[in-house]
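Trainee: Line by line, the protein sequences give chains A and B. Residue 43 in the numbering used here is what sits at position 43 of the first sequence, and the numbering runs on without skipping anything. Residue 308 in the numbering used here is what sits at position 129 of the second sequence, and the numbering runs on without skipping anything.
Heads up, some of the hints might be wrong.
To be verified - A few chain A residues that face chain B, going by a derived Cβ cut-off under 10 Å, partial list only:
no., residue
1, Ile12
2, Trp37
3, Asp49
4, His91
5, Phe153
6, His157
7, Val162
The set of hints was computed from the structure by calculation and includes no laboratory data. These numbers were taken from a predicted model, which means no experiment stands behind them. Heads up, the beta-carbon is just placed ideally off N, CA and C, and yes, glycines get one too.
Here's the letter readout for the chains.
2 protein chains.
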Amino acid sequence: MAAEEGTAPTRIMVAVNESTLKGYPHASISSRGAFDWTLTKIVRTNTSDFKLLLLHVQVPDEDGFDDVDSIFASPEDFRTVQRRDKTRGLHLLEYFVNHCHEIGVACEAWIKIGDPKEVICHEVNRVQPDFLVVGSRGLGPFQKVFVGTVSEFCVKHADCPVMAIKRHASQTPQDPVDD
Amino acid sequence: MAAEEGTAPTRIMVAVNESTLKGYPHASISSRGAFDWTLTKIVRTNTSDFKLLLLHVQVPDEDGFDDVDSIFASPEDFRTVQRRDKTRGLHLLEYFVNHCHEIGVACEAWIKIGDPKEVICHEVNRVQPDFLVVGSRGLGPFQKVFVGTVSEFCVKHADCPVMAIKRHASQTPQDPVDD
Chain A
1 MAAEEGTAPT RIMVAVNEST LKGYPHASIS SRGAFDWTLT KIVRTNTSDF
51 KLLLLHVQVP DEDGFDDVDS IFASPEDFRT VQRRDKTRGL HLLEYFVNHC
101 HEIGVACEAW IKIGDPKEVI CHEVNRVQPD FLVVGSRGLG PFQKVFVGTV
151 SEFCVKHADC PVMAIKRHAS QTPQDPVDD
Chain B
180 MAAEEGTAPT RIMVAVNEST LKGYPHASIS SRGAFDWTLT KIVRTNTSDF
230 KLLLLHVQVP DEDGFDDVDS IFASPEDFRT VQRRDKTRGL HLLEYFVNHC
280 HEIGVACEAW IKIGDPKEVI CHEVNRVQPD FLVVGSRGLG PFQKVFVGTV
330 SEFCVKHADC PVMAIKRHAS QTPQDPVDD
């Protein structure tokens, strides 16, 4: 029943995002928690039997709020903004890829743009991981109404088993939205 | 980040139940699926790093339907029924414990009586596994109204990460309730 040596590795998709408090390139507490949990509880010492698929979904800055103090004088300025956003996402992924490399577990990391919950489920369909791990901020019912939770949506709609990892109580910031 | 050799094993609780179609001692398709999935995708060859906690919750036969043809002539007859029910549950657990033993993964198995979804969440609180794996019959929204799903309840209420494993489409009986 247990897998034989030499069989295909278990492919675990881990969705990661930036800290809402500190911004890029810092990973959110909950995505670092989900990542650490996967390594400590699942991969453990068996690094050759797993492959991590690290997905970061960037939310498009539709209202241009991040760029409110920027000056746009040429088409090149807009390309600079696009490059900067992309670079921020890459630095976020770098953190996770570096850790995988140190431990010796295979990984792939990529960025998509869109609504995180929709894009994660879409990527699950495309990539077909064995399961998905998402961090959860552990919001109460009142906060959920305003913030929504990506993890709940994925548990319902992703086409693979989903593990939602709540943060330790000790890791929860005073306002759980500041993750 | 990855666990060192010699650290405590990852404790995985797997909830198992009998087949609704074939009855005891046969395991339901979905609990065999959840068990096999755990071994193939998580434990793999790393048997010494995991311990399986196998919980079977027996539903009390409150309306005595199973015993409609039995004749009760003495207190001993009632004790016989209790023993028979217990024995049925033990034979179910034997299937899973035997498999663990063959593979060489540590396990503990036990029986509780009550409402499966409530008891599973209660046992999670008591035993504090690293995560819970439950099979899911993949019922449609219409069937759920009547049958309810243990897995959905556990995902919401169990105090640990929960992995709900749906059956393969090929394993689904014509009527998914016949699991």
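Trainee: Output the indices of the hints that this structure fails to meet, ascending.
Mentor: 4, 5 and 6
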